[in-house]
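Chains as they are written, first to last, in this note's numbering: chain A, 1 to 666; chain B, 667 to 1526.
A portion of the hints provided could be inaccurate.
List time: in silico DMTMM-like cross-link candidates among lysine to aspartate or glutamate, alpha-carbon distance up to 25 Å [claimed, not checked]:
id, chain 1, residue 1, chain 2, residue 2
1, B, Lys975, A, Asp417
2, B, Lys1047, B, Glu1034
3, B, Lys975, B, Asp1018
4, A, Lys464, B, Glu1062
5, A, Lys464, B, Glu1496
6, A, Lys324, B, Asp766
7, B, Lys961, B, Asp1027
Keep in mind the hints are simulated off the structure, nothing from the lab.
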Amino acid sequence: MATVDLATIGVTEANELLRRYGVEGEDVEVVNPDARHHIGVGLTAPIALRVRGSAGYFCAGLTDGPRVEVDGNVGWGLADNMLNGSVVVRGNAGAIAGVAIRGADVVVHGNLGSRAGQVMKAGTLCCGGSASFMAGYMMYGGRLVICGDSGEQVGQDMTGGTIYVGGKVVSLGTDAALAELEPGEEDDVLAFLGRYGVPFRGQLKKITNAGRNLRYSRTEPRVRAIPFHAAADRTDYWNAKVQEDIHVKAQIGRYRIRGYGATRPLPHLNDLAFRRDLGSVEPDPDVVSKVELATSLGGRFGATPIELSMPVMIAPMSYGALSKSTKIALAKASTLSDICDNSGEGGLIPEVREAARRVVVQCLGGRLGWSVNAMRQADGVEIYISQGAKPGLGGQLMAAKVTEEIARLRGIPAGIDLRSPSRHPDVLGADDLVIKVEEFREATGWQKPVSVKLGAGRVRDDIKIAYKDGFDYVCLDGLQGSTGAAGNEVLEYVGIPTLAGIMEGLDALEEIGATGMPVVLMGGIKDGIDTAKAIALGAHGVAVGTSAIIAGGCIACLQCAVGQCVVGIATQDPRFEGRYDVDAEAWHIHHYLEALRWQLASVVHAHGYRSVYELSRGDLVALTPEAAEITRLPYEPDHAERALAGAAGLAGVGAGHGLPRGEVTG
Amino acid sequence: MSERTFASPPEPDVYGPERVAPPPVPPELASRDDVNDTHYVPAPCQVACPIGTDAPSYIAHIWEGKLEQAFEAITATNPFSSVCGRVCDAPCEPACRRADSDGPLAIRNLKRYVMDRLGATWRPEPVSVTRSETIGIAGGGPAGLTAAQDLAEAGYEVHVYEQTSVLGGYMTWGIPAFRCPPEVFREDIDRLLARCPGIHVHLDTALGRDVTLDELKERHDAVLLTIGAWWGKGVRLAGGEAANGRVVDGVTFLRRVNGGERPTLPERVLVIGAGDVAMDACRAARRLPGCRDVKVLYRRGPDEIPARKDELHGAIEEGIEIVYNIAPVGVATGGDGSLALRCVRTELGEPDESGRRRPVDVPGSEHEVGCGLVILATGQKAESEHLAELGLMADEKVRTDWDTMRTGDPRVFAAGDGAFGPSTIVTAMYHGHRAAYHVKHFLEGDDSPLPYRTPYRTRRVPVAQDADWEVFPREHQAFHGLGENPVAFPEAESVYDDAAARREAARCYRCDAETGSSDYSVRAREDIFVMARTGPGNARKQQAVFTRRLAAAGRTHFRAEVPTLDDLVFLPANLSRLVIDPYRDACSVSARLGVALELGAPLVAAGFDDAPEPVRRAVAHGLKELGLAYLGRRPLGHHDVRWIQLLAGGDEAHPEAEAVLRIGPGAPPERQHGNQLVGVAATAAELPGAIPAALEHDLDLLLVDGSGGLGGGWPELAGAPDLTAIRDTIRIMRDLNREEDLAILWFGGVRSGTDVAKLIALGANVAAVSLSLALAAGGRIEAGDVVFYGDVEQAERDEQAALFLTALRTEASIMPRCTGKTDIRNLEPEDLRAISLATAAATGIPLAGRNQRLAGPAPA
């Protein structure tokens, strides 16, 4: 047995050693742990690890296979997301012990802190003593055994799994209920307790989900979207859309759910124009080769950066919201265009990993499909705090799309209206987040860039925290960002527009002298012109989601939540998914990205610049009073006319006849 | 004109540069062109149609059951709509975006559905001759007659010279009756002639035989040659001469059959070629007496076959065998009179100029296929010795310049198959429109008009609201094949019934229609589609899209002059306000007015004093369910709902009311008992006087009337509420340092729970819901009023009212939850941002994204 002495080396070095011993198959003893955080994080070998003392946060977190014993107590997040193996703690555990475990045995001989087993999916979390409040909070599966008392609101919002309480059930959480034990069930639990030497004499009570809250009770009538302009005129207060909303709500008794982002007109990048008259610049067929667009992201703390052939990424979108075929097409297109894909919620599926040259894996509060193995496979790791479409709320995946396969990948029961948690169990404030980011760094040996995805709200404050919490870069998503399913009111009225978001973000970083923090802007980016404007404002790059989906055949009917997507994109039903031609759409998306590249290069070249990063605020003007106030750019509405005139100059490219006349479209 | 070049028609491309940079449409077509409508982009089907048929509109009209409107959309550019409903090549269908998922819309069948119902009986308004010039048109096919109609509609007298005894051209002689019966051709022609009395028809008058070009030029101010491509090109088959008339060309064969002949055929017939003529010929042969076995021989494979899928499918269904990768090399005749086709097998080589792979003979594969008749359907050509002598022919066509539609003779125009080679009926009509356009300009003395462009119209028909639009599979017409008496050529397919037509119509994606998203509008979406279909090397198209996208900034600005609740957004909790709770919808929304009036949500209902009793009952039911109260001059009188009395005029305060509010002039109400709340109502203008007075009288409540018209009718119909009222309420009370001393009840413009939450964040304690609840309870806005119909059961009305109020409560709870709060009462102005300057000014809420430190004080 090898020994690692934390009195002499730091945790990062220790974890590196542990991983090395793991590869060699040698058991390890950690002495002088001094309640340090992250002991054993990222260990994926089936070795025994003995901690001679107490451990801090995330002990044995993000692991797969080790057998860990801790002689003393542990801080919060014990065995975070552990896939296999076991952890035995002789003393007590802090909050959220066994958070998001997916198959391990986690045994605490003493007491559990609050929210033990939060969002756990499988495995067993057990304590010999009592639990604090909200044990089994939002658990999706597995079993939680509390030999003592349950604490308040046990099983709060659980959707699956079983909780056994040996002592007093202090109070039941929402939608949790006491249930009869099946024959043999008690014997199984007692055998487990026997195996780990947890003494127990008493009568087990069983708690399961009551099933009252797993599905919306009323189905929303399916109507095709009213054209947005029917509701865009602010003088028409009781317009057709308002009336339709009222009628639908009078049938379902709740907010409406749909796909896409904010649909009403908002201040946006379209309200800016380039000062220079780009329409009159002579087109150059080789423009792409004449400018520098390539960049990289993620090297601030020594990780291997993500190389990009242009400052564009595929926005995070989940397998679940999208069909597997669509995810593969996006991954292929990202490879063809030499940029970077993103898993979105729900895990990195092998098909996407294989098709994408580069891919970032996202970690959300529900830890659905999340694992240390996915982190290792990915080129970057991203913590999702919120998104532009529904900041402040969790994701939604309606039952029609929660198939057996999706449920298995995510570790949740099939066929529920999945409402993902809106917060991370282990991130309640900025200080927790620092430790969480460190956990990710430890699990990946500080090799992978760690980014944060933020929906634009109080950006001025949020982005400073993100900077100080040690992220490599920030993905900032505005109110125009889309989703596969969210409540209409949240989509329209929570969060600030993309343009406001980037301005607040950049101003705030400047205030603290943190200008080296790259910001990737998303939320309604459609083309190379939007990309160029975002970069001119100060973004490092952009991500495209909806536009890439449209390039791949989406018709923007906004019915993504229904699950029977007519083009096979937002569906998990093979009858509909079969309509999607992966290779054809991958090429369409690739061509779209290349057209975006062409446009971006054209803007750069037309300015006489060599690099995309020579674009600056000085190249832009504002076309609306709002855009001018938000961006502090000069208000020059006349530039709009010039853009139109530019289009007029090009109208009739196919006609080959003299000077074209008349009006044009744009 | 003499040394001019003769341009050819361009290859059609639905996603070509014209889609993002449409050439300007000539002024006289502008009224029929909508491409400048920001909320419209011609759908792929419409662009694929050479004559720009507004298919999305007529399909949507079919779903609505408005067949007359559908008929108008169909026939607007297509004088042969009835014919096209049956036999159009339908280039729209392969272009249909649904073709990529579960099969294209059956656009042609839907057209037939409309035309079968209305085509025979519709009598259009005739147009009269208003001009002195006349035009002679040689050839009465679809190109000539389309041009004739356009010219007649422009007021010209037109003379059509037709070499045969009927109008219709090759289509009437080439298309067999089982696909399109003769009466259908007549139907279209009769309609056309009824519309255009200025068209004079000269039948049995062939150019060169009965009339010369010079004579036409003498009689008319301009001449249009639409002579068609009536003659089979044939391939010279070695030994064919010895076959003794047993090798025939397909065009001639069909002409005989369509002329009424029903020759007895040998048992085995071979058809060479696999285009539409081949399909018609093989299927016609299959129906003739004697014939039992028909094979179609095609030198390429199934993927290259030019025949339309439907026709090919029909042929196969009727027992015709399609033999692929085979080419004839000669005919072998035996001494016994037997006949065989000598053939070789082929394989596909490199693509030829048409993009299809060129067939290459397989050496040593020659073999014989026995038969009794060979029909050659391998292409058509125009023929006119007369025009050839005049030097107007070249390459088996009338030599014609595509850009001007002129021939080598400056007063002679040409169009259709005869000018540009064999094509489809719909292409011939397109040529007719083009030719008429150029003839008109010529007659008007305009030598260089703007290039012709097909106009694209939309009738802006709402999208079909069919819940199963994603699910319905493509509807097929009933197929009858040969029928009971094949030689009579009964129609092989029959039209949809109403239900099938409606299901098929519901499938339309409506690529032309505006989306529900201003951000991903129809234009943005279609531009992205074009981007996705543009190769990186296509610089011209890349530049066209680039310019179009640049122009988007010139057009789609944010404009928001009217302050409205819509232009307020909530700031979500992210990193800066992280909380454990609440994860789910749970958030306390209960409210209290004054000290006594507890409410299940910060809501009351108002405005139903004069509503019908069933509506009042439903509102009462909803209020009772949620523990809410009613604000009005009289109580609802159902379900014991608590009452906040509005005192107007000489009304007496009622002791049973939980609260009493004076509206309009008059003394503040007297408290009737200890728990009763008292207050006054005020509009924005009345606030400066009303608030100090209310405080002076120690009142409990201030009803802020944002509608400005509370007390009768439906004042909210006037539009957005005056948000300065809530802003000023809080400012005045704050200035008096009495901010907490009056409970604020807001009235005006509440449509959703989000509106409620915003008003509470702005300073209201409770919001009244009125018009929106009326709509939820079955009311409809009609002619500036709200009308209730008795077509709703009481239970349903009750449920609607309760569900709507429940939805408001749910929505109202979500907003504080998103901001990280667990009680709606904790919402505050700091949770909001404005997204328009007007709303920022009216509410005092800062504009999102604005940096006051750097941008200076907010604009007034």
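Evaluation of the provided hints:
1. B/Lys975 with A/Asp417: Judged against 25 Å, a Cα distance of about 43 Å means the pair is violated.
2. B/Lys1047 with B/Glu1034: 29 Å, violated
3. B/Lys975 with B/Asp1018: Roughly 22 Å between the alpha carbons, so the hint for B/Lys975 and B/Asp1018 holds.
4. A/Lys464 with B/Glu1062: Violated, at roughly 77 Å.
5. A/Lys464 with B/Glu1496: Holds, at about 19 Å.
6. A/Lys324 with B/Asp766: Holds, at roughly 18 Å.
7. B/Lys961 with B/Asp1027: The hint holds at about 20 Å.
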